[in-house]
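Asker: Please model the entire structure based on the sequences and the hints provided.
Residue numbers (the working numbering), protein chains in the order written: chain A, 625 to 911; chain D, 625 to 911.
Please note that the accuracy of each hint is not assured.
All copies of an identical chain are treated as equivalent in the list; a pair is satisfied when it fits inside any one copy or across any two copies.
[Unchecked claim] When the alpha-carbon atoms are kept at most 25 Å apart in a straight line, the in silico SDA-like pairs for lysine to any residue are as follows:
#  : residue 1 : residue 2
1  : Lys732    : Thr829
2  : Lys796    : Ser880
3  : Lys876    : Pro849
4  : Lys781    : Asn756
5  : Lys883    : Glu868
6  : Lys876    : Arg800
7  : Lys667    : Leu677
8  : Lys773    : Ser705
9  : Lys683    : Gly772
10 : Lys755    : Asp685
11 : Lys773    : Glu824
It is worth saying that the hints were derived from the structure and are not from the lab. Fair warning: this is a prediction, and the values are worked out from it, not measured in the lab.
2 protein chains.
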Amino acid sequence: MNVVIVGVGLIGGSVALELKESGFATTITGIETDSENAAQALKLGLVDRLGTLEESIPKADLVVISTPVNIIEEMISPILSLAGPQTTVSDFGSTKESITSHISKHPKREQYVPAHPMAGTENSGPQAAIKNLFRGKTAVICDRDQSGKQHLQAVEKVLKLLGMRCLYMNSKEHDRHVAFVSHLSHISSFILANTVLDIERDTATIFDLASGGFESTVRLGKSSPEMWAPIFEQNKKNVLEALEAYIRHLEKFRNSLSKENTSETRSILSQANGIRRVLDSINKGKT
Amino acid sequence: MNVVIVGVGLIGGSVALELKESGFATTITGIETDSENAAQALKLGLVDRLGTLEESIPKADLVVISTPVNIIEEMISPILSLAGPQTTVSDFGSTKESITSHISKHPKREQYVPAHPMAGTENSGPQAAIKNLFRGKTAVICDRDQSGKQHLQAVEKVLKLLGMRCLYMNSKEHDRHVAFVSHLSHISSFILANTVLDIERDTATIFDLASGGFESTVRLGKSSPEMWAPIFEQNKKNVLEALEAYIRHLEKFRNSLSKENTSETRSILSQANGIRRVLDSINKGKT
Chain A
625 MNVVIVGVGL IGGSVALELK ESGFATTITG IETDSENAAQ ALKLGLVDRL GTLEESIPKA
685 DLVVISTPVN IIEEMISPIL SLAGPQTTVS DFGSTKESIT SHISKHPKRE QYVPAHPMAG
745 TENSGPQAAI KNLFRGKTAV ICDRDQSGKQ HLQAVEKVLK LLGMRCLYMN SKEHDRHVAF
805 VSHLSHISSF ILANTVLDIE RDTATIFDLA SGGFESTVRL GKSSPEMWAP IFEQNKKNVL
865 EALEAYIRHL EKFRNSLSKE NTSETRSILS QANGIRRVLD SINKGKT
Chain D
625 MNVVIVGVGL IGGSVALELK ESGFATTITG IETDSENAAQ ALKLGLVDRL GTLEESIPKA
685 DLVVISTPVN IIEEMISPIL SLAGPQTTVS DFGSTKESIT SHISKHPKRE QYVPAHPMAG
745 TENSGPQAAI KNLFRGKTAV ICDRDQSGKQ HLQAVEKVLK LLGMRCLYMN SKEHDRHVAF
805 VSHLSHISSF ILANTVLDIE RDTATIFDLA SGGFESTVRL GKSSPEMWAP IFEQNKKNVL
865 EALEAYIRHL EKFRNSLSKE NTSETRSILS QANGIRRVLD SINKGKT
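Answerer: Here's what the structure looks like:
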């Protein structure tokens, strides 16, 4: 398989590592506009060669686009236009509705499979690429009935090879669910980091006191703004709804605490414990 | 050393494990009002025997109170009154100002050392007790000048034996710092869990999609309401200030996203990346 990875960062680089090692890819071409990242990806052996869209896409068997979602939105149509008759094109972005709407009428629409492998770390760039990033995690494939059978199968094969479970939903459902389950988690972490940095200007104090659960909650606050700002912007409608709901819940808790309504305060915290059931099943799934 | 642990849960049980194994404690007496937890603590070998306040405290060398903070507040004065002339009394609660204010004029005040070992997990009860819970973490000792030298040294010895770094501040400073660095993290997790559980009533969807960073952010949402409600209530003034600041920061981000102010959105997320410096130093400290 002749594989082209557009955007060789954490996600693209980690995909490249696995496709190369498994023998799925015979050649991996990296397309990367950041020249430092491009050189790094080549040096780390994530890709066999660097290329351009015009020269690489037409003869590719599989193209995976793993740039920030604003770039995916810009590039998906031109890339699909360059695709050869057998080329499968997929994007691994965290939003789907806006991206798919850009090529809903594209003559090669059936060669495109929108996918979202739900995995990542708070690190970015080709040097952050790691093996087993995707193993045991979930990938969502959107709008499967609009992709041709052979293209759908090719992407499913890649996701399974990465060790992922495939889930199917439409782009609209996808964007709404991830707003609550993924995007809101990131916002709560980013903003928690800002709130604490703002008050505790002496970061030595944060360092000294951070052993009490702070680190896990705020870890996602290290994530790349270049990646996440476009995600929040493209999924604005759903993210704003999730954020409003979060603020409302926080205000309800604040009022309960402020009015010393002990039974309500406890009841709010007890409700949250419902998440234990979900997390326990996740961890059971891991073993 | 004759050690008495009042409240043998996650914290008290983990302290007991280490004091026993190191030989620091010759006998450990557990005082536990929950009969199931008491039986469990004895069965797990966390304590050598169960006792009552009246019988155990007067002849103890060291008393560690590790109940929820509302119970510490109720019990600190009667326990100190029961203390023998050489008994050192310490509490390991997460709030300090309210507790210490209850015994500021107690005739045995100098036998008391208010401490806060900043360690824990989202689990609770004697079966949650583990070894090395405290290792490498920070303990805060408050108002050190109000404790007698021998009592201060006894508590420092215990905290060092647990593997902790000791830090000193007054109760007021302590409560303000932990409101931002610890209590707010817990609230953001509890409320994030509620927000997501509220919208995603089908928990199977959360389970399926939770691989994208959700788990680490929401882990603290599993914490015990019996422990945390009294902490938030006792530290109400500071917690409300932290919560207000957090809501303001969230609203600023919401407005920026809503008005499509791309440069402000990115700048907010970039500021949050400042936390990387702090977290990286913590992890460097661990190795």
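Asker: Now tell me if each hint is right for this structure.
Answerer: Hint by hint, here is what the structure shows:
no.	hint	verdict
1	Lys732 x Thr829	neither (56 Å within a copy, 32 Å between copies)
2	Lys796 x Ser880	between (35 Å within a copy, 23 Å between copies)
3	Lys876 x Pro849	between (30 Å within a copy, 16 Å between copies)
4	Lys781 x Asn756	within (16 Å within a copy, 43 Å between copies)
5	Lys883 x Glu868	both (22 Å within a copy, 15 Å between copies)
6	Lys876 x Arg800	both (23 Å within a copy, 22 Å between copies)
7	Lys667 x Leu677	within (21 Å within a copy, 68 Å between copies)
8	Lys773 x Ser705	within (19 Å within a copy, 79 Å between copies)
9	Lys683 x Gly772	within (19 Å within a copy, 80 Å between copies)
10	Lys755 x Asp685	within (23 Å within a copy, 53 Å between copies)
11	Lys773 x Glu824	neither (55 Å within a copy, 31 Å between copies)
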